Amino acid sequence: MITKRIIACLDVHGGRVVKGVQFVDIIDAGDPATQAARHAREGADEIVLLDITATHEGRATLLDTVRRTARELFVPFTVGGGIRSADDAAQVFEAGADKVSVNSAALADPMLIDAIGRSFGAQAVVVAIDARRDPNTADPVRNAQVFVQGGRKPAGRRVVEWAREAEDRGAGEILLTSMDSDGMRTGFDCELTAAVSEAVGIPVIASGGAGTVDHFTDVFGRGKADAALAASIFHFGVSSARSLKQELAKAGISMRLPC
Amino acid sequence: MGVTVIDYKAGNLTSVLKALRHLGAEPEVTDGDLAPVESAERIVLPGVGHFAATERLDATGLTSAIRAAIARGVPFLGICVGMQWLYSGSSEAPSQPGLAHFTEQCARFPESHEKVPHVGWNSLEVRPGSRLLAGVEPGEFVYFTHSYKAPVTVDTAATTFYIESFASAVERGNVMGVQFHPEKSGATGLKILRNFLSFDQKGTA
Chain A
78 MITKRIIACL DVHGGRVVKG VQFVDIIDAG DPATQAARHA REGADEIVLL
128 DITATHEGRA TLLDTVRRTA RELFVPFTVG GGIRSADDAA QVFEAGADKV
178 SVNSAALADP MLIDAIGRSF GAQAVVVAID ARRDPNTADP VRNAQVFVQG
228 GRKPAGRRVV EWAREAEDRG AGEILLTSMD SDGMRTGFDC ELTAAVSEAV
278 GIPVIASGGA GTVDHFTDVF GRGKADAALA ASIFHFGVSS ARSLKQELAK
328 AGISMRLPC
Chain B
-6 MGVTVIDYKA GNLTSVLKAL RHLGAEPEVT DGDLAPVESA ERIVLPGVGH
44 FAATERLDAT GLTSAIRAAI ARGVPFLGIC VGMQWLYSGS SEAPSQPGLA
94 HFTEQCARFP ESHEKVPHVG WNSLEVRPGS RLLAGVEPGE FVYFTHSYKA
144 PVTVDTAATT FYIESFASAV ERGNVMGVQF HPEKSGATGL KILRNFLSFD
194 QKGTA
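Protein sequence lines, in the order shown, are assigned to chains A and B. Residue numbering for the first sequence follows this note's numbering, beginning at 78 and increasing consecutively. Residue numbering for the second sequence follows this note's numbering, beginning at -6 and increasing consecutively.
Hints are not guaranteed to be accurate.
[To be verified] Selected chain B positions facing chain A (Cβ under 10 angstroms, derived; list incomplete): (1) V41; (2) A46; (3) K108; (4) H111; (5) G113; (6) S116; (7) S123; (8) S140; (9) H174; (10) E176; (11) S178; (12) L183.
In case anyone wonders, no lab produced these hints; they're calculated from the structure. In this text, all values refer to a predicted model and were calculated from it rather than measured experimentally. Using N, Cα and C, we set each Cβ at its ideal position, and we do this for glycine too.
Could you build the full structure based on these sequences and the hints that come with them?
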């Protein structure tokens, strides 16, 4: 039976793992290679490394960090941040990533999704969407808006429609981050996650807001997520992926265990 | 440990090479040069992406060289599309023939309420007698990402259930394939690759 995935996310800034609250107030949380290895050892099903500064500072993804992190990692490894072209993606793959995550560059040029998918396969393309509910409308979830530049700027697209377009263009997965919930530890946006998951035929990874085990149970249940991303819950010894997965298995969620 | 890895320009070889090196192998990559296939101790055909990309194997002459190596008893492992290529073909690219070492066809998962592609960790039900999967316990998990799959037949070495039961591994003599990605399947995947690297031409003939 297919299992739900727990994905450890490392937000990287200047070659260090960091964690911010709603993308500000950034604090240091260690070395990416060490953290990734630890998460894999402790049962994470997948590792995502997001270079959170690359896009708006115009820097290329930290290929050395990717190479170092990938070296001893034998679970799927996704890298995002600063990937603007199929050539950028090729360098990240060459450094050891299995998938790339594209966000603002794909919004600026949606053909980027087609181009990477053609060269590396749909399974290698994750389209990351930073979303906020639109409280000024009758249906804030259906009308949730895509944001770019680390949540600073509206992209003028509705989340559900952009997710569908990404799928049509050959994206293999959607990584949906609720900017309303991110870093708050108050739970995932399950309504928004379910709306996107029902709208597309590819897996949806829920992100933003994890704080307790129940939040994960919720997003795999009514949120209809195929995978969930977590950063803060894993840092500073709060929990491990393994203990999280054991709790989720007790709650009836299908998990890769033992791991 | 020598192993020849076939590059047919369909996706990324880095992870496969990294896993093989981690296990002490010295992979040699060819994207058209036939000599590394003709002298191969073992052959790995990775693959992510579209079945149509295997056309390159025909165009470069690698298909014939691989067929000859298999006939010599060289251990062969196809991964993902590389496993599907061992069959007669796939509905993903109906005009592109496979190696036809196994006569069946690969097909897309049927329509259902489940998502396609099948992405994530799923369990293996290993059939008795598989040498490739020796030491893999019932229910061990491996990582999949695919929309097309091979049918369950007498040559199936392991089955996995998603929408329906499909062949997650195939094995007959020196010819083996896995639908999942052993290079991305943690300790279980490394165990399977280690098994493969322990096979040699005499032992598997």
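Hint check results:
no.	hint	verdict
1	V41	4 angstroms, holds
2	A46	9 angstroms, holds
3	K108	5 angstroms, holds
4	H111	7 angstroms, holds
5	G113	5 angstroms, holds
6	S116	7 angstroms, holds
7	S123	21 angstroms, violated
8	S140	8 angstroms, holds
9	H174	8 angstroms, holds
10	E176	7 angstroms, holds
11	S178	7 angstroms, holds
12	L183	6 angstroms, holds
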